[in-house]
Every structure is written in C-alpha cells, then in structure tokens.
Amino acid sequence: MKTTTRKLSGSAKEQFLRRFYAQTDGVDDALADRLAVQSSEAFSSLRVRREAVAGVYAKSKSKPVSKPGATRRVTTKPIEPQTTQTQNETPTTDATPTLEAPATLPESARDTTEITPDAAESSLAAPASSVAAEPAAPDPAFDPYAFGLVPTFQRDGADGLLTRLAAIAAPADLKAMAKAQQIVLSRELRTGTPSADELREAIVDAVARRVADRRSAAS
Amino acid sequence: MGTFIAVANRKGGVGKSTISVMLAHAFAVWGGQKVLLIDLDAQSNSSLILIGGTHWIDTQRNSKNIAAYLEDRLYKAEPISNYVVDASGDIVNDANQPPALTLLPGSLNFEDMQDELISSYSKGNTPFRQAKRNCAHHFRQALSFAAPLADIIIMDCAPGLSNATSAALKLADKVVVPFRPDAVSELAIDKISTIIEEKPFDAVTAMPMETRKYIGLANYVRPGGRDRVFVETIAFNHPVLHAQMPLSQDLANAFFFADEPQTLDEKYGGALLPMRAVHDELVQKLTNAPAAA
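First to last, the sequence lines map onto chains E and V.
Numbering of the first sequence is given in my numbering, commencing with residue 86 and proceeding in unit increments.
Numbering of the second sequence is given in my numbering, commencing with residue 385 and proceeding in unit increments.
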C-alpha cells in the first residue's frame, strides 16, 4: 500500500518549513526564514503528508522561495495541515517513509485562516534569552569609505581617528566601515550588539595593530 | 646617455609588463624619443605585446634575446646591439611613421640562465654570497651597456627579486612601482621601497618623497571609495603618481598585437587619456620640471 506521509529531518525539514511558511500570505521571506529556523530547532523531525510536500515544492517551482534575507512576498494560500494525527502509525515497509503532522504544531498553523506575521511571531515567539536581537542593518545612505581609517590614524593619530569616528553614531555603520576597509574586529563585536563607543575604541585599536603589522612586515 | 627606468614590484599581476609597454609607446610617440625596452621577465609578456608571438619565437631561435646576451657575455664581449630588435610593431606615430622603439626580447630560459651564471661564478670554491655578488655585477654591467642605445631604457622586471631585477633596481635612475589598490599591495610596496633605497623602512619613510628613487603607480583602479582609500593609505608613506590607470577593457584590448599598424588613439581608445596623464607626470618627475599650473 502506498504511503501517505513522508518523514523529513535535518536540512530537508528546514527547507520544507521555509517553503511552507513562505507560501503563507503576509509572511515574507525573512520571517519565513526565522520561523523555519525556530521550528526546525523545536522539531527533531516532521511527518508530512506527501501531497503537502508535493504541493509546497510545486508552488516553489512556480514562485521560487528566495534565499534567507530576501524580502519578496509570496501570495499563495497556506497548505491546510491535517487536524487529526496518527502518531502511533506503524512504519510501513514501503521504501518511502510515511509522514504525519507533528503533535506540537502551533495553534496558528492548525488554523485554516491565513497566518499573519504578528500571529506567527507571537505563536512561535521563543523566550528572549534564547534568541539574540538582530543587529540593526547599516544605513544604505552611509558611505563606508567616507574617510580612510588608516590614513586618518597615520595623519592624526589615535585621538584624531576617534574624533572622526565620533561623527558616526550608528553601530551598524561603524561595523560597515570597518568591514569595508578590511579592519578586522573580534567575532564578538562583529556578531553581537556592541555600543558605538565600544566599536570606535575597537576600530582604533585594530587600525593601530594594522599599522604596526605593516611596519614589522617591512622590517 | 639614456635614462634607465625600471618597472618593478615583487608582487605579480600588478601590470608591470603592460605599464612597461604603455610607457615605451608613450615616450616613443608623444616624446619623440628613442626607446629601448629590456624584457627581464622570463614570461616575456612585454615582448609578446610589442612584437607579437611569431616574431618573438624568431628571437628565441636566433638567440636575439636577454638570456643569450647575458650568457654570451661570459665568454665574449658581444655588443648588446646585436641582440636588440625593432619593436615598433603595430604602432605608428601621428606622422604615420613607426616610432623609434626597440626591444631586447625576453626569454623563457632566462631563469635557468641566471642559475647557470651563479653556478659558473661559484666554481673554484668561491663562496655563494660572493658568487651572487659577481653575478649581480655581471648583470648590472651588461645592462649598463644599453645606455648609448636610447634616450629612455625601460626595464620590465620579473616578479620577485632575481639577480636581474636587483641589478635593474640598482642601475635605474627611476623605479616605477605599479600596484593594485589592495591591502597586500601595502606590504609589497613597503618592502620594495627598502630594497630600492637600501634603507630600513623607518629610514625610508623619513626621506622626503621627492628625493626617493621610486614612485608608485596605481593600476587597475576602480571607481568608488574602496580603491581610493587604499591608494590614499599607500600614498601616505610612499610617493605615488597622481595620475592613475583605471581598470579598463580598452587597456586590456590594447595589448593584443594587431596585424596592421595603428595610432596610439586607435590602440588604446578610452585608456589614452589616463595613459597621457601618467606619461606627462612621469616626464615632469624625471626632469624635475615644475608641475603645470
């Protein structure tokens, strides 16, 4: 007898979830990514109806899901999850494993109404301690080459560089400038949410090291 | 007597050969000068650009190339002019005449020949350091014989620091150091400056810019702040021409040997203006003439 469900785990699970969420009206790609990651962490594996898998990927072919971070909105209706489950379904001898919806599917996913971003966020909101706040993106109008970090340090010293950096208020802009000019900051500063003051001091230190390294290399 | 200009950078892929050819064309056509280009790179790129592959192969077969010249000088005093070929190639000046441009072609055997020379000088229990010094002297003397042959002698050096390159750097009146605007170039130009000036880095940076023997030339420059910042960083410690060579398809196309002679305008297209700016500024540096107002 042909199986009706399919088991998904690992990257296949996350990919399915990403596409599944992205095909919900009101859920953009960035939100779909976050939902997929959080769901994937919560569910060790998924049993999904075969027609649901086929449907998700068929819709993805006609309207491909963008990579994480994209902002394109998908307007297809959500796939209705199964409301009854067969948790005790015995494994079949078919080569293709069976699928069933997870018992812990959030309320918003059981509902046949459209998932709104707010509802999705509130239903899947993880404890704040386990999810780090995303660092703000740099201002697209900011010019990371507005002035040269190394030449400014060479010309005006550490204090002079710090003074010029003081004009840049946003940590994201400071990070963008350092990255653009190949000034290496620690991983903690790059990925965390340091203050602007911390970043300015770190940039000055890194530039000083870079200049010292150059002098050593030429000696 | 001719002015020796070495085009050198230990770092490869910065455009030494293309800059060498570009300067040879510029001095010969715009300056109306007799120019000799000496190809010291076994890759022979400047030779191939100037005279094309067919003629370059002939110079290998006929032993009219730098390796043959330097090796022959071990055994007999052959004049350098015997190894020099016409290199007006695919260029004519504004009077539709070939410019006074000649070439001492490069050779694929050049690196092996240098090793053989050191080996030859090492015979009779001569210490290796002494053998290297003797070899360097041999190169320098051999290259110096080119002085009467042209007004401008351009030496296209190989990447790295071979005996031939060392000799060229010592012999040169001016060293042009092409560089790409990137972090690695900062290190490369720092190091070669100490070799050219024969001083530690701190002593070099203490020298007034206008007294230094070398000058940087930013090459493959892209529009935008990224490259501007790197050039500015390098220019803080080193003399750098204000004129820059852009990353340019026209410049890349210029280095295919054409079947028919063409003017510089036809050959270099949109790269002609920056090429003219580099030439004019370099002439001013060489003659120490005051900058144009």
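Errors might be hidden in some of the hints.
Below, a list of computed lysine to aspartate or glutamate pairs in the EDC-like style, where the Cα atoms sit at most 16 Å apart [claimed, not checked]:
1) K448(V) x E462(V)
2) K264(E) x D566(V)
3) K575(V) x D298(E)
4) K264(E) x D611(V)
I should point out that these hints are in silico values taken from the structure, not numbers from a laboratory.
Fair warning: this is a prediction, and the values are worked out from it, not measured in the lab.
Between the alpha carbons of K264(E) and D566(V), is the straight-line distance 16 Å or under? holds (14 Å)
Straight-line Cα separation of K264(E) and D611(V) no greater than 16 Å? Satisfied, since the Cα-Cα distance of roughly 14 Å is no more than 16 Å.
Given hint E462(V) paired with K448(V) - CA-CA distance at most 16 Å: Holds, at about 12 Å.
Holds or violated: K575(V) and D298(E), Cα atoms, limit 16 Å. holds (13 Å)
The structure agrees with every numbered hint stated previously.
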